[in-house]
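Peer 1: If you want the building blocks of each chain, they are given just below.
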Amino acid sequence: MGLTLTEKIFATHHRDTPSEGNVVLDIDVVMCHEITTPIAINDLVERNLDRVFAPDRIKAVIDHVSPAKDSKTALQEKILREWAHRHQIKDFFDIGANGVCHAIFPEKGFIRPGNTVIMGDSHTCTHGAFGAFSAGVGTTDLEVGILKGVCAFRKPETIKIELTGTLAAGVYAKDVILNIIKRLTVKGATDHIVEFCGPVVDNMTMAARMTMCNMAIEAGGTSGVCMPDRITAKYLWPFIKDEYADITAAIDDFKKWHSDPDAHYAQTMSINIDDLVPQVTFGYKPDEVRDVGEMAGTKVDQVYIGSCTNGRIEDLRAAASILRGKKIAKGVRGIVSPATPKVFSTALDEGLITIFMQAGFCVTNPTCGACLGMSNGVLAAGEVCASTTNRNFNGRMGKGGMVHLMSPLTAAATAVTGKITDPRDYL
Amino acid sequence: MKDFGGPCILLDRNDINTDEIIPAKYLTENTKMALKPFLLEDLQLEGFDPQSEILQEAKVIISRQNFGCGSSREHAVWVLEVNGINVVIAENFARIFRQNAFNCGMLAIELSQMEIAAIFAIQPTNIAIDLEQQKISASGAGEYTCDFELNPFDKELVKAGGWLPYADKNY
Ligand code: SF4
Chain A
6 MGLTLTEKIF
16 ATHHRDTPSE
26 GNVVLDIDVV
36 MCHEITTPIA
46 INDLVERNLD
56 RVFAPDRIKA
66 VIDHVSPAKD
76 SKTALQEKIL
86 REWAHRHQIK
96 DFFDIGANGV
106 CHAIFPEKGF
116 IRPGNTVIMG
126 DSHTCTHGAF
136 GAFSAGVGTT
146 DLEVGILKGV
156 CAFRKPETIK
166 IELTGTLAAG
176 VYAKDVILNI
186 IKRLTVKGAT
196 DHIVEFCGPV
206 VDNMTMAARM
216 TMCNMAIEAG
226 GTSGVCMPDR
236 ITAKYLWPFI
246 KDEYADITAA
256 IDDFKKWHSD
266 PDAHYAQTMS
276 INIDDLVPQV
286 TFGYKPDEVR
296 DVGEMAGTKV
306 DQVYIGSCTN
316 GRIEDLRAAA
326 SILRGKKIAK
336 GVRGIVSPAT
346 PKVFSTALDE
356 GLITIFMQAG
366 FCVTNPTCGA
376 CLGMSNGVLA
386 AGEVCASTTN
396 RNFNGRMGKG
406 GMVHLMSPLT
416 AAATAVTGKI
426 TDPRDYL
Chain B
2 MKDFGGPCIL
12 LDRNDINTDE
22 IIPAKYLTEN
32 TKMALKPFLL
42 EDLQLEGFDP
52 QSEILQEAKV
62 IISRQNFGCG
72 SSREHAVWVL
82 EVNGINVVIA
92 ENFARIFRQN
102 AFNCGMLAIE
112 LSQMEIAAIF
122 AIQPTNIAID
132 LEQQKISASG
142 AGEYTCDFEL
152 NPFDKELVKA
162 GGWLPYADKN
172 Y
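Chains A and B supply the protein sequences, listed in that same order. Quick note: the first sequence uses my numbering, first residue 6, plus one each step. Quick note: the second sequence uses my numbering, first residue 2, plus one each step.
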């Protein structure tokens, strides 16, 4: 029988089988941010194990609270900064060069097809968009990753989701993934890889694929994954051009990771998206999803555009296409956080920042900001936010606040009216 | 190895997530101990009071499906640990939470829906755990005993005191 992409990666990175069904993998890239890493660093120092397995395979960024908002976050950043310098981790992105981890690391070309990637962050599944095995882990796994370059996993099964049809105008990759999570439920993919394929995915940009894979964890998935192809090779080309004669050679090489036609899947789902309409969450779980029409009219206090899900240049362009020449509704606060400095400066060059500002948006520096309710747009109790982020848990954006997840298009249309609004009315 | 078993608390809900176990705003703490007062602060559950004596004294949590979903924060495991809770029993767990628990030498025990229902039915106040025999005994308004399965690797992690000592020795 053939193998899935993930099984191929597991086979090539196998270090040990401590018991049946459990594998220890060699890890290619260990990524770190200032919230979950400092406590790992402190623990390693305390145990007299302050070492790193390979400084060039460790990437670090300050992103969650940036710049520091108080003494405690300043200390977290200091611990990470000093550690990065102490161990000569050259890919460390400090204030000014920093952006949201799952946006900036791909942008730097750190993730390649066939890689194994871990990070102390649940949305690490994003990088599966490059045909990698990329999983969020806790601090202990991160410590062992930093120290030894290994991580243990149960052998995951794969759920294949084949997407056919055409995305209608005003419908976005975010709507597709919200709809898939609704079908899978918040635990439907636990201990599974979610493989996205079919003509819809074949035509998706890397940004759209990252949006899809980013939210695999919201269905419990270990990782999302897409097959690396021409679009992947084009995105990575500036970083891999010395390794291949031409793009075609890279595409051919990437094929070795593709799931075999006779690979085994735990489950296969085929979804035609011709009739899909914009999707919005309504409760405190990301599988509580409705068509935008059912949510239309819900008043919001804040609109947030940003995060590792939808803070990329494509997302800002989409939102700006609706906001151009318009003002956000009275009484609504608009906040946009471009995910990386490159996204910010491109948005500046393309005039998008002006569009946001003229519409009445507050434009912040690249950071996770409001997404996890630690800074830059925390909600007061009873307030409602229309958000392009990935998680609507109770209290996520501030105690007593409510978050409705949606696409950048829907968020922009909602900003204009002050109520959840179908973006197709504004195309 | 840690101590397992003792007074228990029932959290009768599915999908209890990591933000409910420990809200993100406390992730700025740099020690596990500092998390202690904030256990389950934002949990939405009728009749649940994070300040209750039952929670203060609990050593075991019993819940339903998909416990610990959401963020990868190991803080969700540490906040249990520093409050003396070393065992969570549920129908199933989110992968990262489950791995974090075993990585810290704690027990995340999965039982069938029927077994969990039977435990809830007797309103247990105490859970005894025999790790070697892999047996759970719940006592309260009645008694209920059942076997539990453990992934052999997870059991080794518990015995080794967690993944770091295990990995440091083996890799
Ligand atoms: S943007 Fe939000 S979901 Fe993404 S890494 Fe930051 S806090 Fe996590």
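Honestly, the hints are just simulated from the structure, not real lab data. All figures in this text were calculated on a predicted structure; none of them were measured in a lab. All C-beta atoms in this analysis are idealised placements derived from N, C-alpha and C, irrespective of residue type, glycine included. Incorrect hints may appear among the rest.
What the hints assert, rightly or not - Among chain A residues calculated to face chain B with C-beta under 10 Å, some are:
id, residue
1, 24
2, 43
3, 44
4, 100
5, 142
6, 152
7, 245
8, 250
9, 252
10, 254
11, 271
12, 274
13, 278
14, 378
15, 379
Stated by the list, open to error - Pulled from the structure, derived: some chain A residues nowhere near chain B, Cβ distances all over 12 Å:
id, residue
16, 48
17, 52
18, 95
19, 126
20, 146
21, 149
22, 153
23, 203
24, 256
25, 276
26, 289
27, 336
28, 380
29, 400
30, 430
Peer 1: It remains to establish, for every hint, whether it holds in the given structure.
Peer 2: To see whether the hints hold, each was checked on the structure:
1. A hinted interface residue such as residue 24 of chain A counts as satisfied when its beta carbon comes closer than 10 Å to some beta carbon of chain B; here the least separation is about 4 Å, so the hint holds.
2. Proximity of residue 43 of chain A to chain B holds as hinted, the smallest CB-CB distance being about 6 Å (cut-off 10 Å).
3. This hint holds: residue 44 of chain A has a C-beta 6 Å from the nearest C-beta of chain B, less than the 10 Å allowed.
4. With its C-beta approaching chain B no nearer than about 17 Å, residue 100 of chain A sits outside the 10 Å limit, and its interface hint is violated.
5. The criterion of a C-beta within 10 Å of any C-beta in chain B is met by residue 142 of chain A, whose closest approach is roughly 6 Å, and the hint holds.
6. Given hint, residue 152 of chain A at the interface with chain B, holds; its Cβ is 7 Å from that chain's nearest Cβ, closer than 10 Å.
7. Hint status for residue 245 of chain A relative to chain B: violated, with the closest Cβ pair at about 29 Å, above 10 Å.
8. Restraint check, residue 250 of chain A versus chain B: the minimum CB separation of about 37 Å is more than 10 Å; hint violated.
9. With a least beta-carbon distance of about 35 Å to chain B, the hint placing residue 252 of chain A at the interface is violated under the 10 Å criterion.
10. Residue-level restraint check for residue 254 of chain A is violated (minimum Cβ-Cβ distance to chain B is 35 Å; threshold 10 Å).
11. Look at residue 271 of chain A: its Cβ only gets to about 14 Å from chain B, farther than 10 Å, so that hint breaks.
12. Proximity of residue 274 of chain A to chain B is violated relative to the hint, the smallest CB-CB distance being about 20 Å (cut-off 10 Å).
13. Interface hint status for residue 278 of chain A: violated, as the beta-carbon distance to the closest one in chain B is roughly 26 Å, over 10 Å.
14. Of the supplied interface hints, the one on residue 378 of chain A holds, with its beta-carbon coming within about 6 Å of a beta-carbon of chain B, less than 10 Å.
15. The interface hint given for residue 379 of chain A is met, as the beta carbon of that residue sits about 6 Å from the closest beta carbon of chain B, less than 10 Å.
16. Separation of residue 48 of chain A from chain B is inadequate, the least Cβ-Cβ distance of about 8 Å not exceeding the 12 Å criterion.
17. Some Cβ of chain B comes within 12 Å of the Cβ of residue 52 of chain A; the nearest lies about 7 Å off, and the non-interface call is violated.
18. Every C-beta of chain B lies more than 12 Å from that of residue 95 of chain A, the closest at about 25 Å, which supports listing it as non-interface.
19. The Cβ of residue 126 of chain A does not lie farther than 12 Å from every Cβ of chain B; its closest approach is about 6 Å, which violates its non-interface assignment.
20. For residue 146 of chain A, the requirement that its beta carbon stay farther than 12 Å from each beta carbon of chain B is not met, with the minimum near 6 Å.
21. Not every CB of chain B lies more than 12 Å from the CB of residue 149 of chain A, the least distance being 4 Å, so the non-interface label is violated.
22. Distance to chain B contradicts residue 153 of chain A as a non-interface residue, since its nearest Cβ pair spans about 5 Å, not more than 12 Å.
23. At the 12 Å boundary, the C-beta of residue 203 of chain A stays outside the reach of chain B, the nearest C-beta of that chain being 26 Å off.
24. The beta carbon of residue 256 of chain A sits about 32 Å from the closest Cβ of chain B, which is more than 12 Å, so the claim that it is off the interface holds.
25. Listed as outside the interface, residue 276 of chain A is consistent with that label: its C-beta sits roughly 23 Å from the nearest C-beta of chain B, beyond the 12 Å cut-off.
26. Here residue 289 of chain A does not stay apart from chain B, with its beta-carbon only about 7 Å from theirs, under the 12 Å limit.
27. With a least CB separation of 26 Å from chain B, residue 336 of chain A remains clear of the 12 Å interface cut-off, as annotated.
28. Distance check for residue 380 of chain A against chain B: the nearest CB is about 10 Å away, which does not clear 12 Å, and the non-interface claim fails.
29. Residue-level check failed: residue 400 of chain A sits 4 Å from the nearest beta carbon of chain B, not beyond 12 Å.
30. Listed as a non-interface residue, residue 430 of chain A keeps its Cβ farther than 12 Å from every Cβ of chain B; the least gap is roughly 33 Å.
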